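Visitor: Each chain, written out:
Number of protein chains: 2
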Amino acid sequence: MIIDCHGHYTTAPAPHQDYRKAQLANFDNPELPSPVSAVISDDEIRESVENNQLKLLRERDADMTIFSPRASAMAHHLGDEKVSQAWTEACNNLIKRVVDLYPDNFIGVCQLPQSPGSSLENSIAELERCVNEMGFIGCNLNPDPSGGHWTAAPLWDKYWYPLFEKMVELDVPAMIHVSGSCNHNFHATGAHYINADTTAFMQFIEADLFKDFPQLRVIIPHGGGAVPYHWGRYRGLADMLGKPLLQDHVMKNVFFDTCVYHQPGIDLLFRVIDVENILFGSEMVGAVRGIDPETGNYFDDTKRYVDALDISAEDKNKVFELNARRVYPRLDASLRARGK
Amino acid sequence: MIIDCHGHYTTAPAPHQDYRKAQLANFDNPELPSPVSAVISDDEIRESVENNQLKLLRERDADMTIFSPRASAMAHHLGDEKVSQAWTEACNNLIKRVVDLYPDNFIGVCQLPQSPGSSLENSIAELERCVNEMGFIGCNLNPDPSGGHWTAAPLWDKYWYPLFEKMVELDVPAMIHVSGSCNHNFHATGAHYINADTTAFMQFIEADLFKDFPQLRVIIPHGGGAVPYHWGRYRGLADMLGKPLLQDHVMKNVFFDTCVYHQPGIDLLFRVIDVENILFGSEMVGAVRGIDPETGNYFDDTKRYVDALDISAEDKNKVFELNARRVYPRLDASLRARGK
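From first to last, the protein sequence lines are chains D and H. Each residue of the first sequence is one higher than the last, beginning at 1 in my numbering. Each residue of the second sequence is one higher than the last, beginning at 1 in my numbering.
The set of hints was computed from the structure by calculation and includes no laboratory data. Where hints are given, some of them may not hold.
Said to hold, decoys possible - Label-pair distances were calculated between CB atoms; the ranges are:
1) H/ARG336 - D/ARG304: 47 to 57 Å
2) H/GLU294 - D/TYR161: 58 to 68 Å
3) H/ASP248 - D/ALA308: 24 to 34 Å
4) H/MET1 - D/ARG304: 34 to 44 Å
Said to hold, decoys possible - Quick look at which bits of chain D chain H covers, simulated, 3 or more residues with Cβ under 8 Å:
5) 146-154
6) 187-196
Said to hold, decoys possible - Dumping the calculated EDC-like pairs for lysine to aspartate or glutamate here, alpha-carbon to alpha-carbon at most 20 Å:
7) D/LYS243 - H/GLU294
8) D/LYS243 - D/ASP208
9) D/LYS82 - D/GLU121
10) D/LYS55 - D/ASP42
11) D/LYS21 - D/GLU81
12) H/LYS96 - H/GLU133
13) H/LYS243 - D/GLU89
14) H/LYS243 - D/GLU294
15) D/LYS252 - D/ASP212
16) D/LYS166 - D/GLU89
17) D/LYS243 - H/ASP292
18) H/LYS316 - H/ASP274
Bear in mind that the values here come from a model prediction, so they are computed numbers and not experimental data. Built from N, CA and C at the ideal position, the CB exists for glycine as well.
Model the full structure from these sequences, guided by the hints.
Guide: Below, the structure written as structure tokens:
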């Protein structure tokens, strides 16, 4: 079985985005009409995924995608706490509809209604709603709700602890995933995403978060940012900071996906990172949608790179399926309940 | 000949740092005494490098280091324009003294007196002083003088053009190198440095800077941040942005060093990046000073990793010497003048 741990609903029907536009317009100018919830038919949803994620999923022989709202559109830096709350609910509810239409192909991960300077109370409530009422199996956690200004507390700060406590209680992991960038220094998918991955990993090294939360699990996407390429640097920095070896200090809790869009990168990932810590992911249809002229295949067809690795069938099975079942126990339970 | 393109004076004698402390104290409280220039003897300078950079240079069979002030201490975010100016002059003058004491082992690259929100006028003047009067061969350019808040304009912005014009006129390259981080999200050497490298590269992809400055040359340190690991992503993003192939769009102007502290990372670097674009560097004595328990060697002994590569002697010669001579023409001229 092949499970893609990293898919966003980047192709949601237009009324969803129209709602967002109206919402933000109303926030900027309260004299404009209040936004009205988008009316989207099942057929529109079917069309939006059949021709995109589901088509590619089938073409690439994958079975299931762990599916969450479009990351770049979370935009926690726009509006305020209330705006973020309403938008997040709309996004998560739409994911739930996709999952209900294609329960064998999609399972939900939720966006959180974060907002710069706000408490995580709403995020905790929304996580509970999504997990307990809608069968979601994890969340996307934005370490920088300011959208490229990095004004929030680092992930080891007590600010985040109530959310981590709830994640442990619910036994769900978080993917650490920023949203769009409103800082013109950072191209969203070319700099902000990768920087956030690298930053989060270093924050985990600096602190002892996983001593406080030994059961907490986080996925750092995009192959762990710069981390595997600089694995020696991170091992050396942990040493200089007087921390334990990385395998003991952070790698019992941190996992990387395979969203690295060329063979040499994937080869490196598997050369330095234990196979137990790698989850198959593609983030399609996402940041990089073209075809690599050097291979003739889609850049984001990461399954090809993993297939090409010289590793055992057992290890491939871990990367494609077993690790995801372990990191997302509610995915495993859901599959088992259906005899899978 | 082996030239290390990336060395900082991280071991400057204590009076230099004492001057800095007094300078910043006086800035915070003008009633405190004005800072007095540090008095440092030649012997103190000799001791500071003989037991550190020079010792390691010799142990590692390297010949020469392109030497600049301590990057993390540039701290352009502290004080103001005037403070930055005085501190920068002190730092650069100290580099000049090291070079004068060991002209066969060190050659200077200057810090610039950047300051958030200030024009680059002082930086241009200091670059001229260092190149024309002190024989320096390049500069370190901080793309984020705010120290982790990223409030400056991206590198493609016209703000930077006067400096780039001067660099082209003087025929000197810049290493894109941030300083310390005052944003607690970013560990300086574990996140801020690597993020800045990645960010700068993506800024170069986004724009057409090198159309305006075909002669401009920049070195992105730390092996290019996350870029080689995500080379497919960057090729794909250039494609999505309608830009030419990276080799035409940016790689005539951008170079990476070898400050990647493990063999698999160096292997990847050479697998994906043309050897013409790679300059040997170690950044010792720098961010990672320990010994890798997996190899028994210093993490930052990057020469070992390059030595271990299965590439031709000709290519190694490019990486160790010829590329540096090409990217830093004033280095080449200086060496030739001494019959090297």
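Visitor: Each of the hints needs a verdict: does it hold here or not?
Guide: Status of the hints after comparison with the structure:
no., hint, result
1, H/ARG336 - D/ARG304: 47 to 57 Å, "49 Å, holds"
2, H/GLU294 - D/TYR161: 58 to 68 Å, "34 Å, violated"
3, H/ASP248 - D/ALA308: 24 to 34 Å, "28 Å, holds"
4, H/MET1 - D/ARG304: 34 to 44 Å, "43 Å, holds"
5, 146-154, "holds (count 6)"
6, 187-196, "holds (count 6)"
7, D/LYS243 - H/GLU294, "16 Å, holds"
8, D/LYS243 - D/ASP208, "9 Å, holds"
9, D/LYS82 - D/GLU121, "12 Å, holds"
10, D/LYS55 - D/ASP42, "17 Å, holds"
11, D/LYS21 - D/GLU81, "16 Å, holds"
12, H/LYS96 - H/GLU133, "10 Å, holds"
13, H/LYS243 - D/GLU89, "37 Å, violated"
14, H/LYS243 - D/GLU294, "16 Å, holds"
15, D/LYS252 - D/ASP212, "13 Å, holds"
16, D/LYS166 - D/GLU89, "18 Å, holds"
17, D/LYS243 - H/ASP292, "14 Å, holds"
18, H/LYS316 - H/ASP274, "12 Å, holds"
The structure is inconsistent with the numbered hints 2 and 13, although it conforms to all the rest.
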